[in-house]
Amino acid sequence: MPTAPPRVVLVDDHQMFRSGVRSELADRVTVVAEADDIAEAVAVIEQWSPDVVLLDVHLPSGTGREVIEAIDAAGVDTRFLALSVSDAAEDVIDVVRAGARGYVTKSISSDDLVDAIIRVSEGDAVFSPRLAGFVLDAFAGGPPAAEVSEADDDLDALTKREKEVLRHLARGYTYKEIARQLTISVKTVETHASAVLRKLQLSNRNELSRWAAARRIW
Amino acid sequence: MVPSRSGRRSCEHGDVPEASAVSNRNLPNRSTNDRVVAGVCAGLARAVGVDPPVVRIAAIVLGITGTGALLYLIGWLILPPGITPEPEGADASEVRRGLGLGLIVLGVVLTQDALGLGFPPEVVWPVVVVGLGVGVVVWQVQPQLEATRTEAFRIAAGILVVGAGITALIAGNVSFEVIRSSLLATTLVLGGVALIVGPWMAVLMRERAEERRRRLHADARADMAAHLHDSVLQTFALIQRTDDPKMIAQLARQQERELRRRLYADSDDPAATTVKNAVDRVAGVVEDRFDVAVQTVVVGDVALDTTLEALMGAMGEAATNAAKWSGCDQVSVFAEVEDDGVRVFVRDTGAGFDPEAVAEDRLGLRESIIGRMERVGDTVDIRSSPGDGTEVELFAPLVGAVRRDTV
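Those sequence lines, one after another, are chains X and U. The numbers in numbering that gives the first Met the number 0 rise by one with no breaks, and the one at position 185 of the first sequence is 184. The numbers in numbering that gives the first Met the number 0 rise by one with no breaks, and the one at position 312 of the second sequence is 311.
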C-alpha cells in the first residue's frame with residue numbers, strides 16, 4: 000500500500016482480545032484507541048474519527064448496532080468492520096444492515112484481518128464465507144433481477160452475477176480467486192460485493208423481510 | 000380416591016419427616032389423606048389435638064345454624080393442604096365418603112326442618128340437589144384428586160343432578176317471592192365470602208405464578224451451570240495439563256463446536272437428520288480426526304433421504320481427503336439446497352493433484368466418492384491441479400422432498 004496504514008479503533012469488551020489484536024496488527028495498521036462499551040466507543044470514535052472501527056457485535060451494554068447508529072447520528076465519517084465469535088445469523092445480519100461494511104469471525108488469521116481492514120478502509124465490502132452464506136440464505140428463492148418486472152423490486156433481488164460471486168465467497172474463495180474463476184477483474188468482484196452489501200442494507204422488502212420474519216429477527 | 004396409601008402407612012409408623020410432623024402439630028392445615036369433604040375438620044382436629052370425628056360433629060351442629068358452612072368454606076380456602084399422620088378415616092372409600100356426605104346433608108336438612116326454621120321443603124330439596132350437583136362438579140377440579148376412570152361418570156352424574164335440581168325448582172311451582180328471597184340470601188352470603196377471600200386468593204395465585212416462574216428460571220440456570228461444568232470446565236482443565244499446541248487447538252475446536260451447538264442450535268432434537276445437521280456433524284468428525292479447521296456454510300435446509308445420505312457420506316470422504324492430503328489447515332464446505340437438488344462444494348487451497356493420474360486402486364476417491372454418488376444417481380465433479388488446491392463438487396437431486404426455507 001502506498002498510502003499510510005489505516006487508523007483503527009478497536010471496540011471489544013475483552014481486554015485480552017484487544018491486546019492480542021493490537022499486537023498482531025501492530026506494524027500494518029495503526030490502532031489509535033480502544034473501547035470496551037458503547038458509551039466509550041462512541042466518545043473515542045468521535046474524538047479520533049478513524050478510518051475503520053473494528054466492532055464486536057456483542058458488548059456488555061448492548062449490541063454493535065447501537066454504536067453504529069450513534070456514530071451515524073453524530074455524523075462521523077468512518078467505516079465499521081464487524082468482528083465476532085457469534086455464528087447466529089441475526090447478530091451478523093443485524094450489524095451489517097445497520098451499516099457495517101463487512102463481517103469477519105474472530106478465528107480469522109491476522110493476515111486476512113489486515114487485508115479486510117485495508118479493504119474496508121478503501122470502501123469495499125468484506126464478506127466472510129459465513130456472511131456470504133447468510134446473505135444467500137436471506138435472498139434465497141427470490142427471482143433474479145432480470146426476471147423482475149417491477150422496478151421497485153430491482154433493489155431487493157440479487158443479480159445472477161452477484162449470486163455467483165456470493166456463492167464463490169461462501170465456498171471460501173478470495174476475491175482474487177473469484178476474479179480468475181469468473182474471468183472478471185478483481186475490481187468487478189469488489190463492485191459486486193459492495194452492491195450486495197448495499198442491497199442488504201437498503202432492502203426492507205420481500206425476501207429479506209420474509210426471511211427475517213421467519214427467524215423472528217426484527 | 001385417596002392417594003399414596005403406602006406413604007400414609009409409613010407415616011403411621013413414625014416415618015414422618017421432622018418438618019411436617021412439627022407443622023402438623025402447631026399449624027392447622029387441610030388433611031389430604033383423611034377427609035370427608037376437604038379435610039378441614041381433620042386438619043383442625045390434628046392442630047388442637049382431638050379426634051377428627053369430634054370436630055366433624057361440631058361442624059355439622061354449627062352447619063345447621065348456617066355459620067358452620069361459611070367457616071368451613073373459609074377454612075377450605077385458607078388452610079394449606081398437608082398430610083395428617085393419623086389415617087383414621089384413611090380407608091374411607093369413595094362410596095363411604097359419599098355416604099357420609101349424604102348423611103351430613105340429610106341431617107342438616109332434617110334438623111332445620113324439625114327446628115322449624117321456616118324454609119319450605121320445595122325450596123330446600125332443590126337447593127340441596129343443586130348443591131350436591133355443583134359439589135360433584137367442583138370435586139373434579141380439585142387438584143389433589145387424581146384423575147380416575149370414574150371421572151367421566153362423575154361429571155355426567157353431576158350435570159344430571161344439577162339438571163334435576165333446576166327442573167325440580169321450576170316444576171315445584173315455587174312462588175316467585177320465595178325464590179327471590181333465597182336467591183338474594185345466597186347471593187349475599189357468596190358475595191360476602193368473595194369479598195373476604197377474593198383479594199387473598201388473588202395474592203396467592205400471583206405468588207404461585209411468580210414462584211413457578213422463578214423455579215423455571217432457576218432450573219434453566221442450574222441446567223446451564225451443570226452443562227458448563229461438564230464440558231467447558233473439563234476442557235479447560237485438560238488444556239491446562241496439555242503442552243502440545245495441536246492438542247490444545249483440537250480440544251478448543253471441539254469445545255467450541257459443542258458450545259455453539261448448544262447456544263445456536265436450530266433444533267431441539269440433536270438427532271434431527273437434515274442437511275445442515277449432517278454437514279455440521281461430518282465436519283466435526285473430520286476436525287476431530289485430523290488437525291484441520293472445517294468451515295461450513297449451509298444455505299437452506301432439507302430433510303435427508305437415501306440420496307442425500309450418500310451425498311453426505313461422499314462429502315465426509317472428500318473433506319477427509321482434503322484434510323489428509325492437501326497439507327493446508329483449513330477446509331471449506333459449502334452446501335446449498337437449490338430448487339431441484341442439493342449442491343455441495345468441498346474445497347481446500349492445498350497441494351492439489353491430477354485427477355486423471357489417480358491410481359485405480361485408490362478406493363477413497365474412486366469408491367467412496369465417485370462410486371457411492373453414481374450408484375444413487377448423484378453427480379461428482381472434481382477440479383484440481385497440482386499446487387492449486389482442490390474442489391470437489393457434489394450434486395444430489397431432490398426427490399419429492401420440499402425445500403425448507405427456514406434453516
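The hints are simulated quantities; they were obtained by calculation from the structure and are not laboratory data. Note that beta-carbon positions come from the ideal geometry of N, C-alpha and C, so glycine has one too. One or more of the hints may lead you astray.
[Stated by the list, open to error] Quick list of the computed label-pair ranges, beta carbon to beta carbon:
hint	chain 1	residue 1	chain 2	residue 2	range
1	U	PRO198	X	ALA42	34 to 42 Å
2	U	ALA356	X	VAL75	55 to 63 Å
3	X	ASP71	U	GLU373	52 to 60 Å
4	U	LEU262	X	VAL75	55 to 63 Å
5	X	ASP76	U	ASP242	33 to 41 Å
[Claimed, not checked] Which residues of chain U face chain X? A partial, calculated answer using Cβ under 10 Å:
hint	residue
6	VAL177
7	GLU257
8	VAL284
9	ASP287
10	ARG288
11	ALA292
12	GLN329
13	VAL330
14	VAL332
15	PHE333
16	ARG346
17	SER383
18	SER384
19	GLY388
20	GLU390
Evaluated hints:
no., hint, verdict
1, U:PRO198 / X:ALA42: 34 to 42 Å, "violated (51 Å)"
2, U:ALA356 / X:VAL75: 55 to 63 Å, "holds (58 Å)"
3, X:ASP71 / U:GLU373: 52 to 60 Å, "holds (54 Å)"
4, U:LEU262 / X:VAL75: 55 to 63 Å, "violated (33 Å)"
5, X:ASP76 / U:ASP242: 33 to 41 Å, "violated (49 Å)"
6, VAL177, "violated (61 Å)"
7, GLU257, "violated (13 Å)"
8, VAL284, "violated (19 Å)"
9, ASP287, "violated (17 Å)"
10, ARG288, "violated (19 Å)"
11, ALA292, "holds (7 Å)"
12, GLN329, "holds (8 Å)"
13, VAL330, "holds (8 Å)"
14, VAL332, "holds (9 Å)"
15, PHE333, "holds (4 Å)"
16, ARG346, "holds (5 Å)"
17, SER383, "violated (14 Å)"
18, SER384, "violated (13 Å)"
19, GLY388, "holds (9 Å)"
20, GLU390, "holds (7 Å)"
Hint compliance for this structure: hints 1, 4, 5, 6, 7, 8, 9, 10, 17 and 18 are not met, and every other hint is.
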